[in-house]
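> Here's the letter readout for the chains.
2 protein chains.
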Amino acid sequence: VCAELYWEGGEEKQKQKHPFHICCCFALCHRPPKLREISWLLFVFFSSDIEISRAQSPKAVDVLAKEIGLLTDEVEIYGQTKAKVRLSLLERLKDQPDGKYVLVAGITPTPLGEGKSTVTIGLVQALTAHLNINSFACLRQPSQGPTFGVKGGAAGGGYAQVIPMEEFNLHLTGDIHAITAANNLLAAAIDARILHENTQSDKALYNRLVPVVNGVRGFSAIQLARLRRLGISKTDPGSLTEEEIHKFARLDIDPSTITWQRVVDTNDRFLRKITVGQANTEKGFVRQAQFDIAVASEIMAILALTTSLQDMKERLGKMVVANDKKGEPVTAEDLGVTGALAVLMKDAIKPTLMQTLEGTPVFVHAGPFANIAHGNSSVLADKIALKLVGEKGFVVTEAGFGADIGMEKFFNIKCRASGLIPSVVVLVATVRALKMHGGGPNVTAGAPLKKEYTEENLQLVADGCCNLQKQIQITQLFGVPVVVALNVFKTDSPAEIDLVCKIAKQSGAFDAVPCDHWSAGGRGAVKLAQAVEKAANQKNSFKYLYSLELPIVEKIRIIAQKVYGAQDIELSPAAQSQVDRYTRQGFGNLPICMAKTHLSLSHQPERKGVPTGFILPISDVRASIGAGFIYPLVGTMSTMPGLPTRPCFYDIDLDPITEQVKGLF
Amino acid sequence: VCAELYWEGGEEKQKQKHPFHICCCFALCHRPPKLREISWLLFVFFSSDIEISRAQSPKAVDVLAKEIGLLTDEVEIYGQTKAKVRLSLLERLKDQPDGKYVLVAGITPTPLGEGKSTVTIGLVQALTAHLNINSFACLRQPSQGPTFGVKGGAAGGGYAQVIPMEEFNLHLTGDIHAITAANNLLAAAIDARILHENTQSDKALYNRLVPVVNGVRGFSAIQLARLRRLGISKTDPGSLTEEEIHKFARLDIDPSTITWQRVVDTNDRFLRKITVGQANTEKGFVRQAQFDIAVASEIMAILALTTSLQDMKERLGKMVVANDKKGEPVTAEDLGVTGALAVLMKDAIKPTLMQTLEGTPVFVHAGPFANIAHGNSSVLADKIALKLVGEKGFVVTEAGFGADIGMEKFFNIKCRASGLIPSVVVLVATVRALKMHGGGPNVTAGAPLKKEYTEENLQLVADGCCNLQKQIQITQLFGVPVVVALNVFKTDSPAEIDLVCKIAKQSGAFDAVPCDHWSAGGRGAVKLAQAVEKAANQKNSFKYLYSLELPIVEKIRIIAQKVYGAQDIELSPAAQSQVDRYTRQGFGNLPICMAKTHLSLSHQPERKGVPTGFILPISDVRASIGAGFIYPLVGTMSTMPGLPTRPCFYDIDLDPITEQVKGLF
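Listed in order, the protein sequences are those of chains A and B.
In this text, residue positions in the first sequence follow full-length UniProt numbering: the first is 1, and each later residue adds one.
In this text, residue positions in the second sequence follow full-length UniProt numbering: the first is 1, and each later residue adds one.
No wet-lab data here; the hints were simulated from the structure.
Be aware that a few hints might be false.
Chain copies aren't distinguished; within one or between two, either way the pair holds.
[What the hints assert, rightly or not] The calculated EDC-like cross-link candidates involving lysine to aspartate or glutamate, where the alpha carbons are at most 20 Å apart (straight line), are:
1. LYS273 - ASP292
2. LYS662 - ASP311
3. LYS66 - GLU244
4. LYS318 - ASP655
5. LYS318 - ASP651
6. LYS490 - GLU659
7. LYS234 - ASP62
Take the sequences, apply the hints, and build the full model.
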């Protein structure tokens with residue numbers, strides 16, 4: 001591996017100046033890379049992702065920002081390597097045509113992941129540096145939980161990564177922290193409100209909610225809005241009748257219906273189920289609750305789907321946190337907290353600009369869960385990037401999990417929210433995952449790979465290509481051309497590689513190419529870039545899979561049958577009752593966000609290849625009304641990872657002299 | 001008030017260029033203030049703190065950074081108005097003499113606070129703009145909890161505030177979020193470790209803690225350090241005896257002794273007492289726990305006291321989180337998490353540069369609780385500022401609560417950690433608080449003030465000056481000259497003001513002056529600045545109050561008797577047993593951080609003036625070993641505020657068009 005890294009990657013580590021606006025940035029200083037040739041050979045023999053990241057000094061982010069055409073007051077610098085980009089840019093460039101929009105999805109993966117992020121980064125590196133085409137990668141911000149838990153970081157890897165990877169994997173520009181703060185303020189407001197309503201008369205409650213301040217008594221703006229929703233057109237607090245006071249002052253939340261959970265960005269398994277309110281000051285109003293990992297917050301899903309500050313504020317206000325005792329939804333707006341949530345999120349809405357190892361621009365923005373949410377990075381980052389690259393440029397983004405989940409949601413949820421039309425899907429496959437689908441032994445994180453995966457086995461590959469074929473067919477349901485990217489490992493044989501590419505093309509892929517971006521950076525993805533460029537010029541007949549007007553159950557059935565290959569679906573009584581409730585509450589025409597395992601096309605992770613004849617069980621149905629989707633649960637979904645016996649943090653360290661981070665990967 | 005603001009403050013709102021290095025920054029663009037004269041009259045009639053803040057555009061922080069002599073690579077810009085300053089500056093300026101070091105403390109306050117922050121800011125504005133002396137304010141970062149809860153923001157107020165106040169009061173540069181992340185990673189590690197130890201044999205545990213990776217088995221650096229602490233000098237994992245494996249792999253934490261709590265930066269009363277671990281995956285290992293507000297984390301106290309990255313890392317590792325079943329302390333280092341904590345805190349250690357309304361530089365850095373911690377901003381910010389202002393310059397910082405608590409801890413804990421010698425104490429008093437001490441009626445947040453406080457009453461003032469006199473005497477225990485700053489309200493009569501100043505001087509103050517900085521900015525604190533400058537040239541015989549070598553109980557008694565005026569102290573059996581334990585564990589020679597109410601010199605908040613004859617009850621004794629202090633609890637201390645019926649957030653809003661924040665105060 002090390003030798004390969006050297007021979008194939010060594011000569012490629014030149015930082016690329018981005019071709020954007022190339023003629024108007026002559027004056028910019030292009031700092032040479034700091035790689036010292038003499039130590040290079042030594043270096044590659046010991047290189048890890050973070051060492052590769054550290055060996056390449058990123059160009060100053062203000063230089064990058066100028067290269068890609070950002071104006072000074074559209075950029076907020078955060079240190080040397082990160083910047084937030086203001087949304088005002090969308091107004092300035094509103095008449096500029098969008099670039100091409102490429103989604104990177106994958107076949108059903110092994111638990112190790114098949115390299116969608118590295119393909120995304122390798123592809124933009126190839127487009128930019130080798131085809132001289134403006135391009136931009138849009139990625140999700142990773143949760144800090146897994147960084148210190150089992151999985152490690154998520155900046156890509158090898159010679160296809162975002163640098164500095166420790167910035168990418170740690171606090172970044174604070175967006176996840178802002179989400180945590182907003183999420184938990186709302187959670188605290190819910191329980192405190194229930195307590196205050198339970199311990200005060202209507203009159204006392206009203207007097208506190210609408211106090212006399214400096215001799216004057218008035219409703220705040222958010223209280224006036226609530227009065228209007230209640231059909232009360234009065235504005236003088238003294239003029240409300242007792243009944244109106246009762247309606248106004250009591251949200252009457254039914255504690256058993258609370259769906260809003262607290263969050264932390266830490267893998268803290270002991271918070272999966274807790275009892276809160278046990279101090280005497282809470283007067284016995286205990287209840288069972290839970291913490292989720294921060295990225296599972298609905299506010300993260302909103303950040304990913306919102307299109308403007310106004311839209312985000314409206315979505316935050318619409319979030320349903322519980323039902324009242326009559327079964328009507330109670331929202332963040334009812335709790336009076338919309339404005340405060342928007343204030344907490346005012347900077348998080350701006351995408352963060354970083355760069356790849358080769359200097360290509362990257363937006364890192366939002367990272368919602370791919371099961372209970374839609375698992376895609378932000379609409380706003382994509383929109384801004386599509387303007388910045390210009391009509392002939394490319395924006396490459398990725399969807400979580402396999403194409404059956406991440407891509408389906410990308411099309412039906414994210415593209416619906418943005419109105420953007422994707423040009424090409426890149427479907428990432430590995431010989432390893434295909435062998436697993438062909439009947440190879442289990443692949444488990446942490447355990448060494450069995451020999452089936454390290455030695456040539458054409459039969460397993462051929463048998464496993466059924467999953468690739470099925471995922472190609474799923475892509476075609478949406479009318480978008482698909483290019484298969486085979487992410488090559490050093491143990492893959494030429495015959496295995498050829499076989500996959502041949503079957504992929506026979507299965508309807510526009511093209512299928514092997515990629516070596518991990519070991520060779522952009523140069524290893526040139527063929528992929530060429531194929532993607534050609535595919536983007538194909539006829540595109542993009543369409544959604546279902547109409548929003550269909551009943552909730554119908555929409556679930558369409559996804560289950562057409563995408564997963566299920567024979568039918570089966571709703572539990574709880575799920576059916578939730579469907580009825582949401583339909584009655586007027587939420588029936590939202591898109592569907594399936595919470596299903598990513599390890600199989602079916603709901604059973606052990607069923608590899610292309611399972612058939614199964615009935616997809618829907619155990620429960622929930623809703624993220626602010627984000628704007630209904631999410632049926634197919635089995636139980638963990639929303640809080642745990643720490644193993646030996647978490648990643650054992651290897652993570654900081655050198656107090658050089659300030660360098662060690663042990664992140 | 002409004003008219004006063006106009007006439008006394010209107011002409012003063014010119015941004016000041018800082019006198020630092022004034023001759024070497026001719027070339028810098030000095031942007032004119034954006035106050036529009038025509039709308040000014042209208043403006044002041046409706047002005048709130050945030051409106052005043054918003055009406056003054058701060059100068060760009062890179063301009064400010066250059067003015068005060070920072071080099072480009074010593075500054076990390078965060079947007080337009082905030083920057084982090086690198087610690088490398090301390091090395092560059094190590095041979096430069098420090099400036100004068102001024103502490104702002106206060107008399108025993110009313111629950112409304114008496115304006116230490118505004119005095120701090122007014123004083124540096126006066127020194128800089130009116131006396132042409134380099135000066136710097138060093139302030140605490142406020143918790144976001146109170147901003148959305150009851151108290152509101154903490155940026156100072158009126159014409160003595162830090163701008164933009166919404167940045168100051170919200171995420172700032174993410175330090176509190178970093179503390180939350182680090183604190184909660186450690187908390188998750190504790191519970192997960194107990195679970196894994198309880199459900200695995202020694203051998204299984206050891207195999208997981210020291211796994212074979214790519215055919216090689218080795219200890220990580222932090223595991224080798226643990227082996228050394230256990231007296232095992234082996235480095236080959238295969239060579240440990242069964243007994244050594246047992247010692248190495250088991251921390252044997254006694255769950256009943258866990259003192260490490262989870263934190264959130266939200267006023268969430270329902271987390272004051274909770275039960276964790278109730279999901280099936282945690283196999284019945286439930287326990288009672290709590291969340292504290294983030295600023296109560298020991299990591300915040302460490303951030304405030306640390307002197308370098310190396311020192312911070314050592315302190316983080318030394319934090320004691322529980323005892324093992326033999327009664328020995330278990331540390332973060334034992335849990336293998338020191339490096340990860342340091343990585344999470346690597347940016348938080350850099351102070352954040354902002355500015356006052358008049359353009360004076362401000363460091364905002366750390367904000368530990370003033371009861372269970374020491375309530376002072378960071379040592380590092382003070383050290384850097386003392387170098388930046390130069391020998392003749394002034395650094396003004398403040399201590400939480402009254403002088404009996406905040407100042408006592410500033411001297412005995414913070415100055416011990418930093419080695420810095422304070423030059424002057426400014427003791428802030430108000431006629432309002434003095435009247436309360438003289439026997440005036442209760443002062444309660446939210447309720448209108450009684451007429452005793454709005455009409456002249458010389459008798460109440462005279463009687464209440466006993467508290468001022470006592471706090472002056474406390475200051476003199478430390479050998480530092482004290483200047484009394486009377487923070488003038490519009491209802492204070494000239495006779496009342498004169499009386500306070502006269503008594504203050506008779507009581508041993510070097511000087512006593514009325515201040516109008518709230519309504520007049522720096523101009524309102526010129527006399528104070530002159531008095532402080534004179535006092536700083538007085539003979540200074542600074543000394544600590546007690547020797548660290550004394551037994552814990554003796555140190556507590558000295559503080560109780562000499563500072564609070566107690567007759568004696570009385571330890572509960574629990575407190576005595578903790579004292580014995582800490583002494584046995586080798587922590588007996590740490591300084592003492594009293595957790596006492598700030599509303600009285602005694603432990604009883606209702607006893608105003610100068611209580612005597614009381615026995616101070618010590619209900620429990622705890623320790624923050626990483627921060628480096630023992631904290632005796634005098635009564636119960638709430639470490640988690642709650643939300644009232646109508647929290648501040650009802651008034652907080654974001655204008656989605658202008659992006660302006662409304663309703664913060």
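> Hint by hint, say whether it matches the structure.
Against the structure, the hints come out as follows:
For the identical chains of this complex, LYS273 and ASP292 are neighbours both inside a copy (10 Å) and across copies (19 Å), given an alpha-carbon limit of 20 Å. Taking the closest pair of Cα atoms, LYS662 and ASP311 come within 20 Å of each other only across two copies (18 Å); inside a single copy the shortest separation is 41 Å, beyond that limit. Within a single copy, LYS66 and GLU244 get their C-alpha atoms no closer than 57 Å, and across copies no closer than 59 Å, so neither meets the 20 Å cut-off. Taking CA atoms no more than 20 Å apart as the test, LYS318 paired with ASP655 passes between copies only; the shortest distance there is 17 Å, against 46 Å inside one copy.
In this assembly of identical chains, LYS318 and ASP651 lie within 20 Å of each other by CA distance solely across copies; the values are 18 Å between and 43 Å within a copy. For a Cα distance limit of 20 Å, the shortest separation of LYS490 from GLU659 qualifies neither inside one copy, at 34 Å, nor across copies, at 51 Å. Proximity of LYS234 to ASP62 under the C-alpha cut-off of 20 Å is found in neither arrangement, the shortest distances being 52 Å within a copy and 50 Å between copies.
Hints 3, 6, 7 from the earlier list are contradicted by this structure; the remaining hints agree with it.
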